[in-house]
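Going by the numbering used here, the sequence shown opens with residue 1, and the numbers climb by one from there.
Where hints are given, some of them may not hold.
[Said to hold, decoys possible] Here are the in silico distance ranges between beta carbons for each label pair:
1) Gly-185 <-> Gly-89: 39 to 45 Å
2) Arg-261 <-> Ala-209: 20 to 26 Å
3) Ser-117 <-> Val-198: 51 to 57 Å
4) Gly-185 <-> Gln-157: 19 to 25 Å
5) Ala-209 <-> Trp-119: 45 to 51 Å
6) Glu-286 <-> Gly-185: 25 to 31 Å
7) Lys-102 <-> Ala-209: 54 to 60 Å
Simulated from the structure, these hints should not be mistaken for lab results. For glycine and all other residues, C-beta sits at the position ideal for the given N, C-alpha and C.
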Amino acid sequence: MATNKTSSSRIARETTQESQPESSCPECRGQLVTADRETRCRTCGLIVDEDQLDRGPEWFASDADSSRRRTGAALTERRHDRGLSTEIGWNRDGYGNKISGKKRRQLARMRREHRRSQWRSKRERNLATGLGEVRRIIGALGLADTLREQACALFRQAQNRDLCHGRSLESIAAASVYAVCRCNGLGRTLEQISHVAVCSQSRLECAYAAMNTDLELPTVVPQPRSVLPRLASELGVPNDVQHQALELAALGTEARITTGRHPQGFAAACLYRAGQERGWQVTQQELAAVSNTSPKTIRAHRDALLEILER
1 MATNKTSSSR IARETTQESQ PESSCPECRG QLVTADRETR CRTCGLIVDE
51 DQLDRGPEWF ASDADSSRRR TGAALTERRH DRGLSTEIGW NRDGYGNKIS
101 GKKRRQLARM RREHRRSQWR SKRERNLATG LGEVRRIIGA LGLADTLREQ
151 ACALFRQAQN RDLCHGRSLE SIAAASVYAV CRCNGLGRTL EQISHVAVCS
201 QSRLECAYAA MNTDLELPTV VPQPRSVLPR LASELGVPND VQHQALELAA
251 LGTEARITTG RHPQGFAAAC LYRAGQERGW QVTQQELAAV SNTSPKTIRA
301 HRDALLEILE R
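Go ahead and model the full structure; you've got the sequences and the hints to work with.
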């Protein structure tokens, strides 16, 4: 008789538990909360469900420092295979020990075959060459890593639109860097980029014109404020003079007298006028040599600034 009562009570308890909603604890009917990888009761602490999959980030903090380290390399636009390829080491094994000469020769042969089989087609090989040129130009100009990613992505778009046909890969790579500088409002001129690029300035201009027309780039009109810091850095301008020149450049932009004028020449005129007001001596010939303009152009822009200041 006692056995029948026990069985009846157990069945009734299981029926009651099955009739409860999933948001309540099966033991104390408390509220369930989900934290990390498990679902537990807020009242009694019973673990109701546990997820074995770790859906957290792909990095971990090492014991040496608290810096974040990824368990794998992130996808990047800088490589033709987006960083999914493998690399064969040189002089040490996975434990940091030196390898023998026989093993080094074997790794050299494996590395040669791996390099030959790295590209599946000539298109991928051209892509790898062009991206390498983009990285070199970005490094020579000292630009940020974000701009390097944008320039590599732009080179991919240019190759997908078949803009590399009839043009050199070096000119398309240099045009990608120049287009990224224009879209981000950086004061990088064609002369600066052609100076570090392999192609000539005329080829760079033709490649950029084709990319701008076909890809419809959101380019920004260069302003004197974006060119002025570079000129001030090359001339060693004091901070107060540079701030005064920036205010003059902003005043000229608001008055719309910079429209149709060369930004470098107008920036040089702002520096010349600010130097006169702050007592910093610089000649028009020095400013013309740095800004790649003529002293006559600087005087013309200075006179336009004086008309605005006298109003």
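Hints versus structure:
1. Between Gly-185 and Gly-89 the CB atoms are about 42 Å apart, so this pair conforms to the stated range of 39 to 45 Å.
2. At about 22 Å, the beta-carbon gap between Arg-261 and Ala-209 stays in the expected band of 20 to 26 Å.
3. The hinted range of 51 to 57 Å is not satisfied by Ser-117 and Val-198, whose Cβ atoms lie roughly 27 Å apart.
4. Between Gly-185 and Gln-157 the Cβ separation comes to about 20 Å, which falls inside the hinted range of 19 to 25 Å.
5. Between Ala-209 and Trp-119 the C-beta distance comes to about 30 Å, which lies outside the given range of 45 to 51 Å.
6. Range check, Glu-286 to Gly-185: about 26 Å between beta-carbon atoms, so the 25 to 31 Å window is met.
7. For the pair Lys-102 and Ala-209, the supplied restraint of 54 to 60 Å holds, since their beta-carbon distance comes to about 56 Å.
Checked against the numbered hints given earlier, this structure breaks hints 3 and 5; the rest are met.
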